[in-house]
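Visitor: Chains as they are written, first to last, in numbering that gives the first Met the number 0: chain A, 0 to 114; chain B, 0 to 183; chain C, 0 to 84.
Calculated from the structure, these hints are not laboratory results. Positions of the beta carbon are idealized from the N, C-alpha and C atoms, including for glycine. Check each hint, because a few of them may be wrong.
[Claimed, not checked] According to the in silico footprint, chain A covers these stretches of chain C (three or more CB under 8 Å from chain A):
1. 5-13
2. 40-47
3. 63-71
[What the hints assert, rightly or not] Every beta carbon over 10 Å from chain C, so not counted as near; a handful from chain A, in silico:
4. D5
5. V46
6. D60
7. V102
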Amino acid sequence: MKIVIDVFIAIGLFFALAGTIGMLRMPDFFCRMQSSTNIATLGILGVVIGGIIYALGFLGDPSMAVKIGIIGIFNLLANPIASHALMRGAYIHKKKPVDELEVDKLGEDLVEEDE
Amino acid sequence: MKKLNAASFAAVFILGYLFWLLITGQIIAIFSGTASGQILIAGVVVCAVVAFFSAGFFIHEKAFHLLNPMRLVMFLGYCICIFPIELIKANVVMAVRALSPKLDIKPGIVKVPVDLKSEYAQAMLANSITLTPGTVTVDIAEDTEEDGRTYFYIHWIEVETEEPEEAGEKIKGTMERALRRVWE
Amino acid sequence: MSGELLFFAICFIALALILLVRVIAGPTIADRAIAADCVEVVVDAALILFSLISGRSIFLDIALVTAVLGFIGTTLIGRYLGGEL
Chain A
0 MKIVIDVFIA
10 IGLFFALAGT
20 IGMLRMPDFF
30 CRMQSSTNIA
40 TLGILGVVIG
50 GIIYALGFLG
60 DPSMAVKIGI
70 IGIFNLLANP
80 IASHALMRGA
90 YIHKKKPVDE
100 LEVDKLGEDL
110 VEEDE
Chain B
0 MKKLNAASFA
10 AVFILGYLFW
20 LLITGQIIAI
30 FSGTASGQIL
40 IAGVVVCAVV
50 AFFSAGFFIH
60 EKAFHLLNPM
70 RLVMFLGYCI
80 CIFPIELIKA
90 NVVMAVRALS
100 PKLDIKPGIV
110 KVPVDLKSEY
120 AQAMLANSIT
130 LTPGTVTVDI
140 AEDTEEDGRT
150 YFYIHWIEVE
160 TEEPEEAGEK
170 IKGTMERALR
180 RVWE
Chain C
0 MSGELLFFAI
10 CFIALALILL
20 VRVIAGPTIA
30 DRAIAADCVE
40 VVVDAALILF
50 SLISGRSIFL
60 DIALVTAVLG
70 FIGTTLIGRY
80 LGGEL
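In isolation and in its complexed conformation, chain A is listed as follows (with noise of 0.2 Å):
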């Protein structure tokens, strides 16, 4: 029972961890955003797994289960959500098409939509 909870607050760890390498070594905006979806899919989804198991299995209080259950689900419905905002604000703060991408369709077809 110990050992199951240790190990899924570990998975999460070490994908927040892996998320938190990536942001600061991925090159350019978009691709560090790829990474912290990482952080925030996985990562918190481990520690909201182990803290359901531990505060049924070892607090024996279900409202409090109830409540990281729901902090789990927010995020999970909330951060892609916010992710495309930044994301699309990102893009067209920028200038079109943005040279640190190999592929640039949505550039190409906006620049298509201004001639």
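Use these hints to put chains B and C onto chain A, whose structure you have.
Guide: Okay, now just chains B and C, sitting in the frame of chain A:
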């Protein structure tokens, strides 16, 4: 403010009240018989006000589409089985890519056709793509193309192919098929 | 058991401190915004662990509030950069 209809009001109200019960801890109190009447009534008032002002923004189409038990089962199957598998696969690939000493990335934005008609299905697919590490939906082109299909612009960290159909199959093949079964 | 949880929580806080490097050094405003969003998520995880250690659910309420505020802040910055606000 959009026009309010009864079905979307009811749907938002029920969802909000369920959230209220969960977050105040009353759902456990109901099962153990110690629920407080004041909190339950306050929840009804708050949820009615919130649903009155926000229902028009949330729900435009069929409000109780998911109440069909067959669809509900497939929806839960998508949330519990199909999507987490894709999520874990992509997470492992992304973690290995971030930790490997040589950073082999080839970022780019590809254009991918989507054959889903329902608004909910499109939103769910876009969110699923954004949640999988390695792909983020940047923009959606609806009704602007000459062939009448919907296109997603997706930022992909490792562009394997620029061909629209092939890239679409690689990014969202399984998820799109499962979502079509749920919503159509 | 709570010793291990404390270790994990401190690791998460350390990750949040490392992410602050990107908040300070990020060349553009969008870099700073996404790094701040990540700090918020990591702090959320640490708060869950702290609430498990102390057995008090007040930390969970704080975690929920930070999650909501981080979502609203990131979306607002994105909308503002896109000129849609």
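Visitor: Would you mind marking each hint as holding or not holding in the structure?
Guide: Comparing the hints with the structure gives:
no.	hint	verdict
1	5-13	holds (count 3)
2	40-47	holds (count 5)
3	63-71	holds (count 5)
4	D5	violated (6 Å)
5	V46	violated (4 Å)
6	D60	violated (7 Å)
7	V102	holds (20 Å)
Of the numbered hints given earlier, the model fails hints 4, 5, 6; all others are met.
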